[in-house]
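Asks: Protein chains in written order, with the working numbering: chain A, 23 to 510; chain B, 23 to 510.
Check the hints yourself; a few may be wrong.
Taking lysine to aspartate or glutamate pairs in the EDC-like style, the calculated list, with each CA pair at most 20 Å apart, reads [as the list claims (entries may be wrong)]:
| id | chain 1 | residue 1 | chain 2 | residue 2 |
| --- | --- | --- | --- | --- |
| 1 | A | K356 | B | E421 |
| 2 | B | K410 | A | E322 |
| 3 | B | K413 | A | D331 |
| 4 | A | K256 | B | D481 |
| 5 | A | K256 | B | D127 |
| 6 | B | K413 | A | E286 |
| 7 | A | K310 | A | E337 |
| 8 | A | K410 | B | E322 |
| 9 | B | K356 | A | E249 |
| 10 | A | K256 | B | E327 |
| 11 | A | K413 | B | E327 |
| 12 | A | K51 | A | E149 |
Here are the in silico distance ranges between beta carbons for each label pair [stated by the list, open to error]:
| id | chain 1 | residue 1 | chain 2 | residue 2 | range |
| --- | --- | --- | --- | --- | --- |
| 13 | B | K256 | A | D284 | 21 to 27 Å |
| 14 | A | D284 | B | D74 | 56 to 62 Å |
| 15 | A | I298 | B | K256 | 28 to 34 Å |
| 16 | A | A126 | B | K187 | 53 to 59 Å |
Since the hints were made in silico from the structure, they are not lab data.
Glycine is no exception: its CB is placed at the ideal position from the N, C-alpha and C atoms.
Protein chains: 2
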Amino acid sequence: MAALCIAGSLAAADPVRDYVLPRQQAILKEYAALIEIPNVSSDLPNLRRNADRIQQMYEKRGVPTRLLTLKNYAPIVFGEIKTPGAKRTINFYAHYDGQPVDPADWTTRQPFLPELRDQNNQVIPLEQTTYNSNWRLHGRSSSDDKAPIMAMAIALDAIKSLGLKHKSNIRFFFEGEEEAGSIHLTEYLQQYKELVMGDLWLICDGPVHQNRQQSIVFGVRGATNIEITVYGPKRALHSGHYGGWVPNPAQRLTRLISGFSDGEGHILIKDFYKDIVPYNASEIAAIKKIPPVEDLLREEFGLAETEGDGKPLLETYSRPTLNLRGIRAGDVGKGGVNVIPAEATATFDIRLVKGLDAKTQVERVTAHLIAQGYLVLNRPPTDEERLKHAKILRLTSREGYNSVRSPLDMPIAQDVIKAVEFSSGPVVLIPSSGGSVPLAMFVEVTKMPLVMVPIANHDNNQHAPNENLRLQNLWDGISLMAALLTRL
Amino acid sequence: MAALCIAGSLAAADPVRDYVLPRQQAILKEYAALIEIPNVSSDLPNLRRNADRIQQMYEKRGVPTRLLTLKNYAPIVFGEIKTPGAKRTINFYAHYDGQPVDPADWTTRQPFLPELRDQNNQVIPLEQTTYNSNWRLHGRSSSDDKAPIMAMAIALDAIKSLGLKHKSNIRFFFEGEEEAGSIHLTEYLQQYKELVMGDLWLICDGPVHQNRQQSIVFGVRGATNIEITVYGPKRALHSGHYGGWVPNPAQRLTRLISGFSDGEGHILIKDFYKDIVPYNASEIAAIKKIPPVEDLLREEFGLAETEGDGKPLLETYSRPTLNLRGIRAGDVGKGGVNVIPAEATATFDIRLVKGLDAKTQVERVTAHLIAQGYLVLNRPPTDEERLKHAKILRLTSREGYNSVRSPLDMPIAQDVIKAVEFSSGPVVLIPSSGGSVPLAMFVEVTKMPLVMVPIANHDNNQHAPNENLRLQNLWDGISLMAALLTRL
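Whole structure, please, built from the sequences with the hints as guidance.
Replies: Now the structure itself:
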C-alpha cells in the first residue's frame, strides 16, 4: 500500500473512505450545524450550547457521555467506550471553544456562519452532488478545533457500519477553554483524575504538515501573553501645542519594543534563551527526514526572507519567541487625528520551549523593562506616581503553560505510527509543534505520555478571519480517527 | 484700566460685557444649535448645512453674505461690511469644519451633542438663570473653531445695540476644510483674490495662553501628515506555527519608529533640522515676558519630565516635530489574538517651522526609510515585489502647508494690540503658535500680513473627545471681537 501513497494522496484501500464518500453532504450539514454555535471562550452560555450539542452527537452514536463540570467553568464533554478484554485505555482530546472575534475583522462575513467555498473562494451552496477535495468549509473553529470532534463522530458511524472493533478502551475528552489558555484544565484533571487515568493521550489539534502529509507531533511549545501599556499625559493632547515638549507614549513604546530584539529575530532580553533544552540527535534526525517546505511557504506568504538563521522552520521551534501580536495608540487612516495619545498598548505572545517556565520568562521581560528605567505597575498609575516617575508602564500577563515533549521512541508511539500509516500512508514525525496546546498539565497531573495527531490543513487561517477546513482534510481525518479508534 | 487687569481677569469697563450678561442663555442656545450640525471634513452635505446656517446667522445681523464655491469643495462663507470712509480692510478668518470622529472614542456621549457641564464635569441643563464662568459647553468644534464664528455674530449684535461703529471695512471668511489640511484654500484664494485683497488677515483660531490671558499670535507652525504601512506575510499567520521564522511587520515598524528619534525628543532623521530660521532676539524677548506655565502644565498633564532641553514650551515651537499620532497592528486587550499581523501602520504629523518646506521634510523622512533598507512604495506591494524585497513599506503623505511668521513690530500689529488690550487687558505676544493653521497660502497669494487672535481656553481638549469651550472664553471672545470690529 505504501507504493500508493505519495505526499498529499490518500490510502486508497481504507474502507472507511468508501463509507464516507456517499455521505459527504450529510456529514457537512451536521458539521455546519456545529460550527454555527458561537464558541468564543468568554461566552459561557454559548459554550454550554456547544457542549450540549456535542454530547447529543456522541450519545446518538451509542457513546455514554457526561459533562464534567467545575464551578462556573466551561464544561468538559467526556465520553467512554469500554472494550471487553482491552489492555489499554486511549484518551482522545480536542477542544470546542474558539478564539475571540473582533467585529472589525469580520466585515465581509459572520464569524460563525458556515460557508462552503470553492477553489476561487466563492461561496457555493452546502448541498452538492459531489465535493471537490480542495473546497473549504469556512467558519470560526471549522479547523481549530471542532474538526476532530466531527471526524471522530463520523468515524464511529463508519466503525459501526463496517463492523470494525475497538481494541482499547476509548475515552473522549473535549475541553471548552483551550483558547482562553486552558486556565482550569489542571483543576479539572485533578478533580477527575481517576476518571481519566489511562495509557495515552491523543491530542487532536493543530494542522498537518504543510505538504499535506499526515503528521504525528510529539510536543508543543508552551505559551503565555503579556500586555504593556505605556502612559503619557493624563489626556490626549493637541500635537501642535504640545508636540516636542510632552513625551509621546506611543513613541516610547516603540522604543521599548524595538529594544526587545536585534531586528533579525533574536531576542535581546537577558536570559531569554537560558535553560533551553535543545533538540537531541533523534529529534534533529526526524526533522531532516521531513520534506522541506520553506521555499513553498515563502512564496505562499510573499516573503523574500525569513528569520531563524537559515534553519528549517521546524528546527526553529526549539527556540522561544516574543511575538508582537498587537499594538494600538491613537488611530490611523481616516480616524487619525493630530494628538499626542494619552497611552499606548502592545500585546505579545511568548512561546516557550522545553526547559523554560512561563512565569520566569515573564519575570525576565519585566526585569528588562525595569532596566530601561520604567516604573512597572500592574494597574494604571496614580497622580502621585505620574509626577514622580518619568517613565511608567502597566504590565499584565496571563497565566501561561509550559512546553512539553514526549520521547520519539517510546513503545506506544510505534503503534500510533502504524495505525496512522494504515489510514494515511507515510507520516511526518515532528518533535514539537510550533503552536501551543496545554499539554504540560496532562503530563504533570496524569503522568501519561501523549502524542498529537492533527487533521486540519496548514493553510486553514487558524485564529484569523477566514478560518477554514479543506474538505479533503475532513475526509482524511475521519479515516485517521477510525484507524486510531480501532487499531491501537 | 490696565490696573484692573490681572491675568485671567476681565476688562471691567467694556460695555459689550454688560450687553452680553443678560443674554447668556440665548447666546448659548444659538451656539448649541450650531454645534449640533455635524462638521467632519469628509461629510460634504453636513458641511453645507453648517455653511447655510452661518450664512443665515450673519444675514440676520445685516451682513451681506455669499457662499464662495469651487468645484465640489466645501464652500467658504463670505460676508462683507463696507464702512464709509474706511482706510483699511480687515479680513476675519475662522473655520467651521471639525476633526474626524472615531465612534470608538465617543462611547459615553455623542460628538455633536452640545452639553453644558459644570465644574465637576456633570451635565446640567443648558437653560440656567446665571452661568458660572468656569462651566463648559462640550461638543465637537465647540472650541475649534466654531467659537469665534459665534463670538463675532454676537459682537455684531452688541455693536448695533450699543451704537458702536466700524472704522474699517470688515470681511468674514469662514472656511470648511481646515481640518482636512485646507487643501483647496490656495485655489479659493486665487479664484477669489480680488474679493479678499485688503490690509490684514485676523486669524481667529486656536487657544489663548495657558494662564488664560488673551494672546496675539504672529505665526504658526506648518503641518503635514505621513502614514507608513510595513508589510509582513500576505495574510495574518498563527504566531505559534510561524513565530520566530516569519518576520513580524509590527516589530519592524516599531524598530523604524524608534530610530526616528533619540528617545529624548530629538529627531535623528538626516537634515530634519536643516534650514530652520531660529527665533530672533525680539521673538525670544517676547517669550521671556510671558508668565511661565510649564510647572502648571506638567502637574495638569501628570508628567514628571518634559522634552525640549529645558526650554520654555513656547521656545520649543521654533523646532519641527515628528509626532506619532497613531499606530495599529493586530489588536490588544480582549481582541488580541496569537497572530503575526499581515501589516502594521503608523501615522505621524510633522510640524514645520519657518524655513522648512512640507514636501522637503517628507522627502527627508522617505530618504531615511530607504536608508533603512526599505522599498518605499505609495501603494501595496505586488506579489513580485514581495518576493524580491525583504523590507517593504507604503508611505503616503497629505499635501501639507508651511509655517508662517509675521514680524512682531509691523505698524498694524500695534493697532491690533491696542484693540485687544481695550477688551482684554494686558496681552501675551506669541511669536508662533505650536499648532498649525493654513496661513502660508494667505501670505503667498494675497501678500497681506496676518496675526492670530484666538479665544478658546487652552484646556479645551481640542481634537480629542470631550472638546469643550469654557464659558468665560466665549464671553471674553465676544468683547474681543467687538473691539477688533470697531477699533481697528
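Asks: CA of K413/B to CA of D331/A, is that 20 Å or under?
Replies: holds, 17 Å
Asks: When you check the alpha-carbon spacing of K410/B and E322/A, does it fall within 20 Å?
Replies: holds, 14 Å
Asks: CB of I298/A to CB of K256/B, is that within 28 to 34 Å?
Replies: holds, 31 Å
Asks: Does E337/A sit within 20 Å of K310/A, going by the straight-line distance between their CA atoms?
Replies: holds, 9 Å
Asks: Take the C-alpha atoms of K356/B and E249/A, compute the straight-line distance between them, and say whether it is at most 20 Å.
Replies: holds, 11 Å
Asks: Between K413/A and E327/B, is the straight-line Cα distance small enough, at 20 Å or below?
Replies: Since the Cα atoms of K413/A and E327/B sit roughly 9 Å apart, the hinted pair holds (cutoff 20 Å).
Asks: Take the C-beta atom of D284/A and the C-beta atom of D74/B, compute their distance, and say whether it sits inside 56 to 62 Å.
Replies: holds, 59 Å
Asks: Taken at face value, is the distance from the CA of E149/A to the CA of K51/A at most 20 Å?
Replies: holds, 8 Å
Asks: Please work out if K256/A and E327/B have their alpha carbons no farther apart than 20 Å.
Replies: holds, 13 Å
Asks: Taking 53 to 59 Å as the stated bounds, is the beta-carbon spacing between A126/A and K187/B within them?
Replies: Taking Cβ atoms as reference, A126/A and K187/B lie about 58 Å apart, which means the hint holds.
Asks: Hint check: K256/A vs D127/B, CA-CA at most 20 Å. Holds or violated?
Replies: holds, 15 Å
Asks: Regarding the pair K256/A and D481/B, is the alpha-carbon distance no greater than 20 Å?
Replies: holds, 12 Å
In summary, this structure violates none of the numbered hints.
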